[in-house]
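Chemist: The opening position of the sequence shown corresponds to residue 3 in our numbering, with each subsequent residue numbered one higher.
Just so you know, these hints were derived from the structure itself, not from any lab. Possibly wrong hints are sitting among the right ones.
[Unchecked claim] Estimated spans, in silico, between C-beta atoms of each pair: (1) Q329 to G164: 18 to 28 Å; (2) T114 to Q315: 38 to 48 Å; (3) I29 to Q111: 41 to 51 Å; (4) D148 to Q315: 29 to 39 Å; (5) Q42 to Y318: 35 to 45 Å; (6) L97 to Q329: 38 to 48 Å; (7) F196 to F89: 42 to 52 Å; (8) E316 to E194: 14 to 24 Å; (9) Q101 to F176: 45 to 55 Å; (10) Q118 to F89: 46 to 56 Å; (11) I58 to K340: 49 to 59 Å; (12) Y318 to L81: 53 to 63 Å.
These figures come from a predicted structure and were not determined experimentally. We put the beta carbon where it would ideally sit given N, CA and C, even for glycine.
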Amino acid sequence: MHNIGKKEFFIALGVAALHGIFSLFVILSSIWLCLALWFQEPLGWLMTRLVIGFWIIFALSILGIYVTQHFFSRYTDVLIYLLGFLFGLFWYFGLEAKQDRDWNPEVAQVLTFEQQNNQVTLHNVRNFSWHEDGGYEERWETRHFDLNQITGVNIITSYWMGPHIAHTLVSFDFANNKPLTFSIEIRKEKNEEFSTLGGFFRKYELSLVAADEKDLIYTRSNTRGEQVYIFPVYMSKQERRALFEEYLHKANDLKQQPKWYNTLTSNCTTLVFDMVQAISQRQLPTDYRLLASGYLPNYLYDLNAISHDLTIQEWYKKAHVNPRVSQYNKLSSDKYSKLIRQGVPVPQQSKKIPPRI
3 MHNIGKKEFF IALGVAALHG IFSLFVILSS IWLCLALWFQ EPLGWLMTRL
53 VIGFWIIFAL SILGIYVTQH FFSRYTDVLI YLLGFLFGLF WYFGLEAKQD
103 RDWNPEVAQV LTFEQQNNQV TLHNVRNFSW HEDGGYEERW ETRHFDLNQI
153 TGVNIITSYW MGPHIAHTLV SFDFANNKPL TFSIEIRKEK NEEFSTLGGF
203 FRKYELSLVA ADEKDLIYTR SNTRGEQVYI FPVYMSKQER RALFEEYLHK
253 ANDLKQQPKW YNTLTSNCTT LVFDMVQAIS QRQLPTDYRL LASGYLPNYL
303 YDLNAISHDL TIQEWYKKAH VNPRVSQYNK LSSDKYSKLI RQGVPVPQQS
353 KKIPPRI
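With the sequences and hints as input, model every part of the structure.
Modeler: Structure representation (structure tokens):
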């Protein structure tokens with residue numbers, strides 16, 4: 003009797019564990035599928051919400067059955083649920099990013115280029131004139147660059163929702179040309195708003211914008227009131243050129259095959275990290291600050307890519323763009339680029355600690 007009781011105890015324990023695992027699976031999979039349906043709206047606003055409602059009721063009934071009854075007593079319900087969820091997975095991962103939507107004018111054009119040795123011609127470089135009310139005058143340009151004339155690389159962080167999260171931009175300095183800024187952004191459709199949660203569910207395509215500094219940075223520091231910082235980073239001449247060419251490769255990839263933006267894995271910071279890693283001679287450490295992008299300058303400081311002549315606290319004070327430009331409503335492109343660099347030290351390679359990028 004003792005042995006039978008022990009055996010029954012372990013069977014009951016195993017069944018309870020299966021109940022718990024299956025219930026957790028139902029809860030998490032239902033949340034994921036309902037959010038995917040909510041943001042994608044594959045059947046239109048009304049029908050999609052009816053499907054979501056039906057699925058929630060069905061999931062709750064599954065949970066109600068298997069919280070109280072034997073796990074193996076209702077194979078049919080389990081099978082229906084699993085088939086329904088698998089169908090949802092096939093639908094979701096079959097969604098294709100597109101080029102031909104009705105895009106917001108800010109991301110309407112696709113960056114293209116032609117390269118002959120050191121000479122690069124970029125088409126669809128954005129140079130909008132932004133107004134205080136958020137409006138703008140559209141202007142897309144063709145610009146020519148000599149890759150041997152790249153003199154510096156700057157990481158720009160723009161804080162729009164507290165200290166933990168920032169938008170990351172990369173700006174290249176040239177000896178014979180105006181700076182050029184690259185920004186990985188969502189490609190919004192007209193009248194579409196950004197949703198951080200929606201970015202997890204293939205709500206937006208990726209866009210690579212190459213723009214005049216006054217366009218991409220001014221709209222954040224002056225028009226939107228975001229807090230913007232510029233950090234010159236040390237990179238060798240070969241690395242600067244290689245990083246610029248990585249952006250060209252990314253532009254070509256997006257032209258050939260549009261891709262989805264993802265809030266966690268394919269965003270303005272992680273993709274920059276991937277490009278830097280591709281041209282780096284060292285394996286860069288993964289770090290939580292690549293996700294908490296507001297602390298990216300601290301990460302770069304720890305890698306010695308930002309000069310240690312200043313503390314990181316001193317760097318944030320020196321790098322803060324807003325105090326230098328917020329009082330201006332009208333600035334030329336050249337004047338704006340000079341102002342945001344005013345008082346910011348030019349990076350020098352440390353003699354004691356070599357940079358790790």
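Chemist: If you test the structure against every hint from before, which numbers come out violated?
Modeler: 7, 8, 9
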